[in-house]
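Participant: Residues per chain, in single letters:
There are 2 protein chains.
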Amino acid sequence: MSVTFAKGFMAGTVASGLKSSGKLDVTVVQNTGPSDTAAAVFTSNRAKANPILWSMEAIKDGAARAVVLNSGGANCYTGAAGFQIAHKSAELVAEALSISAQDVLVCSTGLIGVQLDTSKLYPGIESACGQLSSDGGADSAAAIMTTDSVPKLSSVESAEGWRIGGMAKGAGMLAPALATMLVVITTDAVIKNADAHLRAATAISFDRLDSDGCTSTNDTVILMSSGSSGVLADPIKFQEALDQVCMDLARQLMKDAEGASHEIAIVVEGASSEADALEVGRAIARNNLFKTAIYGNDPNWGRILAAIGTTGAKFDPYDIDVEINGVRVSTKGGPDQDRSRVDLSKREVVIRVGLNAGTSAATILTNDLTKEYVIENSEYSS
Amino acid sequence: MSVTFAKGFMAGTVASGLKSSGKLDVTVVQNTGPSDTAAAVFTSNRAKANPILWSMEAIKDGAARAVVLNSGGANCYTGAAGFQIAHKSAELVAEALSISAQDVLVCSTGLIGVQLDTSKLYPGIESACGQLSSDGGADSAAAIMTTDSVPKLSSVESAEGWRIGGMAKGAGMLAPALATMLVVITTDAVIKNADAHLRAATAISFDRLDSDGCTSTNDTVILMSSGSSGVLADPIKFQEALDQVCMDLARQLMKDAEGASHEIAIVVEGASSEADALEVGRAIARNNLFKTAIYGNDPNWGRILAAIGTTGAKFDPYDIDVEINGVRVSTKGGPDQDRSRVDLSKREVVIRVGLNAGTSAATILTNDLTKEYVIENSEYSS
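Line by line, the protein sequences are chains A and B.
Residue numbering for the first sequence follows my numbering, starting at 1 and increasing by one per position.
Residue numbering for the second sequence follows my numbering, starting at 383 and increasing by one per position.
Hints in this document: simulated from the structure, not taken from any laboratory.
Think of the CB as a built atom: it goes at the ideal place given N, C-alpha and C, for glycine as much as any other residue.
There's no promise every hint is true.
Said to hold, decoys possible - Not the full set, but computed from the structure, chain A residues with beta-carbon under 7 Å of chain B: (1) 122; (2) 333; (3) 335; (4) 336; (5) 374; (6) 378.
Stated by the list, open to error - No farther apart than 25 Å at their CA atoms in a straight line, the calculated lysine-lysine pairs in the DSS-like style are these: (7) 728/B <-> 574/B; (8) 502/B <-> 389/B; (9) 371/A <-> 637/B; (10) 332/A <-> 314/A; (11) 753/B <-> 637/B; (12) 753/B <-> 371/A; (13) 7/A <-> 192/A; (14) 728/B <-> 371/A; (15) 120/A <-> 19/A; (16) 88/A <-> 714/B; (17) 753/B <-> 255/A; (18) 442/B <-> 470/B; (19) 192/A <-> 237/A; (20) 255/A <-> 23/A; (21) 23/A <-> 88/A; (22) 753/B <-> 346/A; (23) 753/B <-> 728/B; (24) 371/A <-> 255/A; (25) 728/B <-> 332/A; (26) 255/A <-> 346/A; (27) 502/B <-> 401/B.
Unchecked claim - Heads up, incomplete: computed chain B residues facing chain A, CB under 7 Å, no partners named: (28) 429; (29) 514; (30) 585; (31) 586; (32) 597; (33) 684; (34) 691; (35) 692; (36) 699; (37) 717; (38) 756.
Hey, can you work out the whole structure from these sequences and the hints?
Facilitator: The structure is reproduced here in structure tokens:
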């Protein structure tokens, strides 16, 4: 599974000492080709970490031969010196693999505002390049973990003869400062328009994970194609498979939110546009009063309507229907079935909102807001 | 103090039984004139409670003779029957005071989604109208309390010979579902442009209280002028006095947030426009990661920069300065003085952000996000 499931990829991983625990913390993923097609999407936060500033330039030509990733430090708000470290990381990989530094992407995760210890990082990168192997995927996924409780892996094998594999880290969007989201997806399919495929897949997966609207400074999703299956993938089938891998990884990210007690899918239907459905879904997902109610197993539909009321979406505030776990608690903005009929004892919660303003729909995934979230995020200095 | 401090106002208050505690819960404030000038601002939430739907119509002519307010029920998401109750409440006051129902504003606060018990409310209103007195202000302020720990009163006496008095309820914007904000301000000054005065004052006071962006369905701020001082107020002096009363009440609202452990002023300077300064201030105020850090006494400037990065304001992400309680922790987006020098042990916190993009500034007031907020809001069904 992971990033070495598709042919044409190797990974090498070491414990460089950046993590005080002594666990794996530096990994390199190499695309041995023949193709070097790649694409990446980055955080929308305007305060971007140094590895992102580097990678945004490196990916502009749509090609990459390797990614180097480290945990144990985010290299964010570390100034020009931090950018030099990201640059040097790429150069070390390039030298070891005899490729151009412009073909090496860089990802970092961990504390922000502190400089990476290059006396550990640089030898670690060199050592990781010496460990590259076609079954290195599992260790690679372990090396990018921070507060993650489990590594996240996903893969698909197509009947057409190509594969997609991927890894992700992030302890749920519940706590995105703990949880820069890093995702590396590899494929041996021959593909055109890697960038369009990746953007389409992230738009309906990672982009719809929304806990508290706090976007990270380091979020990165990378797709690399080796083309080594020799099969030109059917674009529709490839998109479906890539969507599946991204959705699977996104769900794993959401489930690994230790502070959460509920996983919530907010399904907005009857919207006049998909953008409206997304705006409404996000407004609910970001509403602390709604999120604390779910934590308290309280099917508080009034807070859902109040959250919807803060948006600019097209709807009549007194023609909205709300269903919680299959119970229609509100019809046309007034009480319907008794809220006591809603069972919120399970982790999975489905909120269904009918805007009665059109035919578009979208689903946002989020978590509840718990005491544990507050404790975890108040004690962590990042 | 309160709403009967200015001449020409009476208030009558009773315990109707709407509050199960048996405390005061229905109050009527009457403007005995000679002027009936009035203005009101309402929640921006598109899901507006029935008393707001009534009052928005009633205030359109810029005149009001009375306000009837109840706690013990918000009359929100209660459908057409709920609107009839708001309408009937105004009619009962109108009959008792021999005025038009169109000159009676209605405010409600309490649980949403449940119908008010009219067998208690209606006799309560009639009884309150029978208790009207020129020293009824204190009881009136008590009757609108819900989870408030103290009544909120403020007043100003002008050397010109007029007075402003006001009352507010709301247990901080920290928990606005518990805390519909209701504010009634009275004055005996003769004023023109009541609406413009009120909007200017609320824009720099109540509108800049921002805890979690969860706007209430019932928020209302009312200004009534009796003109009984006979003094035409200097518009600039009146605005200053009204601003002062509104700022004072806003600070009292913020301080009465039981779940909070810090009161935070976010001062954004060097913005290219006031709108930019406000956008940046609100983004910080609504960022759960920042708010939990302050709760943990952690001067986490990285989270402030990450919050700023989510806005569309004009700035260079690597030319921002951040000061926490007087310590410059970040200069140009990199570390400056050691964060350990920041003392967050006191309740008052001042965050100062320099955007280095212009000369505009704005201050947003907020609270931290605490375990107690989560507990309070998860246990309250509204």
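Participant: Would the pair residue 88/A and residue 714/B pass a check requiring their Cα atoms to be no farther apart than 25 Å?
Facilitator: holds, 23 Å
Participant: Is the hint on residue 335/A kept, meaning its closest Cβ partner in chain B is under 7 Å away?
Facilitator: holds, 6 Å
Participant: Close enough to count: is the Cβ of residue 333/A nearer than 7 Å to one in chain B?
Facilitator: With Cβ-Cβ at 6 Å, under 7 Å, it holds.
Participant: Just to be careful, I want the Cα atoms of residue 255/A and residue 23/A compared with a cutoff of 25 Å; is the pair within it?
Facilitator: holds, 23 Å
Participant: Hey, residue 753/B versus residue 371/A, does the alpha-carbon distance stay inside 25 Å?
Facilitator: holds, 5 Å
Participant: Keeping to a limit of 25 Å between CA atoms, is the pair of residue 255/A and residue 346/A held or broken?
Facilitator: Holds, at roughly 13 Å.
Participant: Please verify that hint: residue 374/A, Cβ, nearest Cβ of chain B, below 7 Å or not.
Facilitator: holds, 5 Å
Participant: Given the hint that residue 371/A pairs with residue 637/B, does the C-alpha gap stay at or below 25 Å?
Facilitator: Judged against 25 Å, a Cα distance of about 22 Å means the pair holds.
Participant: Between residue 192/A and residue 237/A, does the CA-CA distance stay at or below 25 Å?
Facilitator: Distance ~13 Å between residue 192/A and residue 237/A Cα, so the pair holds.
Participant: Given residue 336/A was flagged as interface, is its beta-carbon under 7 Å from a beta-carbon of chain B?
Facilitator: violated, 10 Å
Participant: Under the criterion that the straight-line Cα-Cα distance not exceed 25 Å, is the pair residue 728/B, residue 332/A satisfied?
Facilitator: violated, 47 Å
Participant: Hint check: is the beta carbon of residue 699/B less than 7 Å from a beta carbon of chain A?
Facilitator: Status holds, d = 4 Å.
Violated hints for the displayed structure, listed by number in ascending order: 1, 4, 7, 8, 25, 29, 30 and 31.
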